[in-house]
Amino acid sequence: MPNNHPLVSIIMPSFNAAQTISESIESVLAQTYTNWELVIVDDQSTDSTWSLINRYAQSHANIHVYQNSDNCGAGVSRNCAIERAQGRFIAFLDADDVWEPNKLTVQVGVMLKNGYPFTYTHYTKFKGNQLLSTIKAPSQVTYSQLLYSNVIGCLTAMYDTSVLGKRYMPLIRKRQDMGLWLDILKDIPAAHCIPESLAKYRIDTGMTANKLTVLSYQWRFYRDVVKLPILQAISVFCVYAIKGFLKHKV
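Per my numbering, the very first residue in the sequence shown carries number 1; after that it's consecutive.
Read the hints as simulated data drawn from the structure, not as lab findings.
Where a beta carbon is used, it is the ideal one built from N, C-alpha and C, also for glycine.
Zero decoy hints are in this set.
List of simulated lysine to aspartate or glutamate pairs, EDC-like, C-alpha gap at most 20 Å: (1) Lys127 x Glu23; (2) Lys227 x Asp183; (3) Lys186 x Asp224; (4) Lys113 x Glu196; (5) Lys227 x Asp187; (6) Lys125 x Glu196; (7) Lys166 x Glu83; (8) Lys125 x Glu23; (9) Lys127 x Glu100; (10) Lys174 x Asp96; (11) Lys166 x Asp187; (12) Lys127 x Asp96; (13) Lys136 x Glu100; (14) Lys125 x Glu26; (15) Lys166 x Asp183; (16) Lys136 x Glu196; (17) Lys166 x Glu37; (18) Lys125 x Asp204; (19) Lys127 x Glu26; (20) Lys174 x Asp204; (21) Lys125 x Glu100; (22) Lys174 x Asp224; (23) Lys125 x Asp96; (24) Lys174 x Asp70; (25) Lys127 x Asp204.
Listed next, with one range per pair, are the computed distances between beta-carbon atoms: (26) Asn4 x Ile230: 42 to 52 Å; (27) Gln58 x Gly109: 29 to 39 Å; (28) Arg173 x Lys127: 18 to 28 Å.
Could you put together the complete structure from these sequences and hints?
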């Protein structure tokens, strides 16, 4: 492929996703941008996910599937996929979310035209066949801004390995994506938003998180993963908690 159509590696972890992963994969197959590979790492699913993704791999030479030897979590699965990725650009799509058909065409085009090494987009929440609210991200975000709120939807993010090299997620069960974004933003002035909703995020109303548990984990994230000094961690954590309260979620 010419330089204006570099290979995009799409990173997809899977675990017991048989009910949704076909829709996710089909949204990749529907992309108007055709120079991509889909790297799926299954985390020891106990349903039919593994056989399903193998059928896709047998039918499509640019779909590659692997399986962890143990159940390790989505962060480990994503890192295994990144390790195997061959593309200049790394993008992320979970096994229950979907992309708009022009997602890669628009995003790669903007990144090449402007020389952006790290971008993200708006996205729309959906449940079943019903579209819900569109999440509009800020036009750009710096390291210090992202500390207070993870405004980058994982299903929208893309980074350029020719500038940044391969970057991996921290080996934690939650907030892996935020940890990766912060690692990247330490080395560049800002990530840039493409102001279009180019992805859809599936809402699972059956899953809820205890707010105190989430806050406790966020505190540990700031201290143990980001390694903020205690006073800075307190300041950042308080702003994070207040923003979560104002949104009626954390």
